[in-house]
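Participant: So the chains spell out like this:
There are 2 protein chains.
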Amino acid sequence: MAKRDLGQDGPMRAVCVIGLGLIGGSVLRAATSAGRAGWAATTSEGDAAAARAEGYSVEATVEDALRRAAAADALVVIATPLPAVREILRKVAWHAPEAWLTDVVSVKEPVSSEVGQLLPGARYAGGHPMAGTSSSGWSAGGPDLFSDAAWAVTVEDDTREDAWCEAAALALDCGARVVPTSAAEHDTAVARISHLPHVLAAVLAAVGSDGGPLAMSLAAGSFRDGTRVSAGSPELIRAMTEGNRVALLDAVDDTLGRLGAARGSLASTGSLKSTVDAGNQARRILDALGDIERERTTIPLGTRNTLRRLREIGDRGGRIRTLDANSAVAEVPPMG
Amino acid sequence: MAKRDLGQDGPMRAVCVIGLGLIGGSVLRAATSAGRAGWAATTSEGDAAAARAEGYSVEATVEDALRRAAAADALVVIATPLPAVREILRKVAWHAPEAWLTDVVSVKEPVSSEVGQLLPGARYAGGHPMAGTSSSGWSAGGPDLFSDAAWAVTVEDDTREDAWCEAAALALDCGARVVPTSAAEHDTAVARISHLPHVLAAVLAAVGSDGGPLAMSLAAGSFRDGTRVSAGSPELIRAMTEGNRVALLDAVDDTLGRLGAARGSLASTGSLKSTVDAGNQARRILDALGDIERERTTIPLGTRNTLRRLREIGDRGGRIRTLDANSAVAEVPPMG
Numbered sequence: 001m002a003k004r005d006l007g008q009d010g011p012m013r014a015v016c017v018i019g020l021g022l023i024g025g026s027v028l029r030a031a032t033s034a035g036r037a038g039w040a041a042t043t044s045e046g047d048a049a050a051a052r053a054e055g056y057s058v059e060a061t062v063e064d065a066l067r068r069a070a071a072a073d074a075l076v077v078i079a080t081p082l083p084a085v086r087e088i089l090r091k092v093a094w095h096a097p098e099a100w101l102t103d104v105v106s107v108k109e110p111v112s113s114e115v116g117q118l119l120p121g122a123r124y125a126g127g128h129p130m131a132g133t134s135s136s137g138w139s140a141g142g143p144d145l146f147s148d149a150a151w152a153v154t155v156e157d158d159t160r161e162d163a164w165c166e167a168a169a170l171a172l173d174c175g176a177r178v179v180p181t182s183a184a185e186h187d188t189a190v191a192r193i194s195h196l197p198h199v200l201a202a203v204l205a206a207v208g209s210d211g212g213p214l215a216m217s218l219a220a221g222s223f224r225d226g227t228r229v230s231a232g233s234p235e236l237i238r239a240m241t242e243g244n245r246v247a248l249l250d251a252v253d254d255t256l257g258r259l260g261a262a263r264g265s266l267a268s269t270g271s272l273k274s275t276v277d278a279g280n281q282a283r284r285i286l287d288a289l290g291d292i293e294r295e296r297t298t299i300p301l302g303t304r305n306t307l308r309r310l311r312e313i314g315d316r317g318g319r320i321r322t323l324d325a326n327s328a329v330a331e332v333p334p335m336g
Numbered sequence: 001m002a003k004r005d006l007g008q009d010g011p012m013r014a015v016c017v018i019g020l021g022l023i024g025g026s027v028l029r030a031a032t033s034a035g036r037a038g039w040a041a042t043t044s045e046g047d048a049a050a051a052r053a054e055g056y057s058v059e060a061t062v063e064d065a066l067r068r069a070a071a072a073d074a075l076v077v078i079a080t081p082l083p084a085v086r087e088i089l090r091k092v093a094w095h096a097p098e099a100w101l102t103d104v105v106s107v108k109e110p111v112s113s114e115v116g117q118l119l120p121g122a123r124y125a126g127g128h129p130m131a132g133t134s135s136s137g138w139s140a141g142g143p144d145l146f147s148d149a150a151w152a153v154t155v156e157d158d159t160r161e162d163a164w165c166e167a168a169a170l171a172l173d174c175g176a177r178v179v180p181t182s183a184a185e186h187d188t189a190v191a192r193i194s195h196l197p198h199v200l201a202a203v204l205a206a207v208g209s210d211g212g213p214l215a216m217s218l219a220a221g222s223f224r225d226g227t228r229v230s231a232g233s234p235e236l237i238r239a240m241t242e243g244n245r246v247a248l249l250d251a252v253d254d255t256l257g258r259l260g261a262a263r264g265s266l267a268s269t270g271s272l273k274s275t276v277d278a279g280n281q282a283r284r285i286l287d288a289l290g291d292i293e294r295e296r297t298t299i300p301l302g303t304r305n306t307l308r309r310l311r312e313i314g315d316r317g318g319r320i321r322t323l324d325a326n327s328a329v330a331e332v333p334p335m336g
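Residue numbers (full-length UniProt numbering), protein chains in the order written: chain E, 1 to 336; chain H, 1 to 336.
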């Protein structure tokens, strides 16, 4: 988490974090660890008290935090569950309409759409750090939660490049790697690799538990791993999965199709070869990503192709590692 | 792994392990660590060489190992994948028909049925240690693999109590806790908590990978955990899942039903409440099992109710912790 500024002469941009749960609390800790000024607000008195006890600045109300952000030209980070975002945006529109703005909510099209309605012309780029635990709240977080994690930062045709850089710089300061992507592509992707796993974990837990005490006493690693995320807060899981309905339905339909095909093959020929081989091959692709040599490429900022090139990096499975006033450096898996 | 004998005056019973993969190799190491004499045979030259290099006794052929077992009145442990069991049993019938016999194969009715055909009157009880990793082969194992793991040992109406005690004693010597169960109940239970998780992991890996490079680069904990076991050997996963076809079909059908209901609810009302709540509740049951106070109960051996009482322990989610010549001590979750 090296200190970084965007070539500004002044100090690093301050952050104003709204929401101090697992993610928001970790953002506040990571950003201040990286040398930024930071403060927060939360409707959870428990999280507020815990953060204050550790010496963090927590304003009495969201409005107070936002007014302070407006005065300091800070970056506002919305870190609440999706259902609370609209109300926060209304307050941003009232108290800090000019502030730099990002969020860390797990779906991006609904947030982007509400920003468009309530804060047209906002200096906004959406974000989503791909990190978490089954626990929630301030106490579950830490400054290293995002270390080496992927952190999506959205690029649309009308995204302001300076706003994108502010959101990306926060992610890099938090130790993450930035994946540029559109909100729509993000939501389609996370439906498959985050929201679907939560639905399948819940279904597996229930089907296993239906096997009664004997099944539960025999349950070991495969069942524990496959159901781990079902231990998380039902409210947060619902906010996340239900908030990405259309893309998740598509992923669930693909799952029903593949599982139905497995069932048919097992019933008719007794074979699960196609299913098991396809799963093994897919998992090998994932595991290989940790090992492959990535190509470094530099993307100049401020050109008319910058946003398009950033998004291409994300589409190819690449990520931004550093950012300065002139360019972004990306690491991209080799083609083919 | 305290030393234990069944009140015999002589040394602990020797073990003859057929197959030196992850499970068989770990059984040989754990049983000899506990003080037993032990030797093995395997058709894998790599596993044989690796075991010999660590000082273990590996016979040149399965036949040699079985003849040695017959001479020593040893416990033969079949630790091959299911498809190889029949051929091993034929050799047991020829070279060591009187030997004590158990196995560590992940499905129990097919093994039990083949033992019944090829070795009627065998001194046999089936076993299944609920432990493993995504890796396979001798090198993946170790003497502590079974530490505190559940290890099913089958009880049928015609099971010989002395044979059951021999199989259970091996499990206890390996550091495991014995779950008494019938082969049929075992297979029904593990379809839900072991074989279904492998099928779902494969399906999830494939659906996620269909999301392309962007999805793979955003994949984090929930996807990694949910697909972990799909990294295992496809041959071993197929041997296990395809070998439990009937029970697994039932578990897959329940999964299709629950997932279809989730899909319908998400599409119509936008809610996943039933699915998420049911999953959370089920996972809490599993997690609570690690914490609850269990009642200790002693089951006298050698009575006409012994086998029935053992099986009741397993049905209630209980497990055997110690065994001597006169009794088994079980720990059982409280009723209700």
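No lab work stands behind these hints, which were simulated from the structure alone.
Cβ atoms here follow ideal geometry from the backbone N, Cα and C, with glycine treated the same way.
Treat the hints with caution; some may be incorrect.
Computed footprint of chain H on chain E; a stretch qualifies when at least three of its residues, placed anywhere within it, have a C-beta under 8 Å from a C-beta of chain H [what the hints assert, rightly or not]:
(1) 177-186
(2) 207-219
(3) 229-242
Participant: Could you run down the list of hints and mark each one as holding or not?
Facilitator: Status of each hint after checking the structure:
no. : hint    : in the structure
1   : 177-186 : holds (count 4)
2   : 207-219 : holds (count 13)
3   : 229-242 : holds (count 9)
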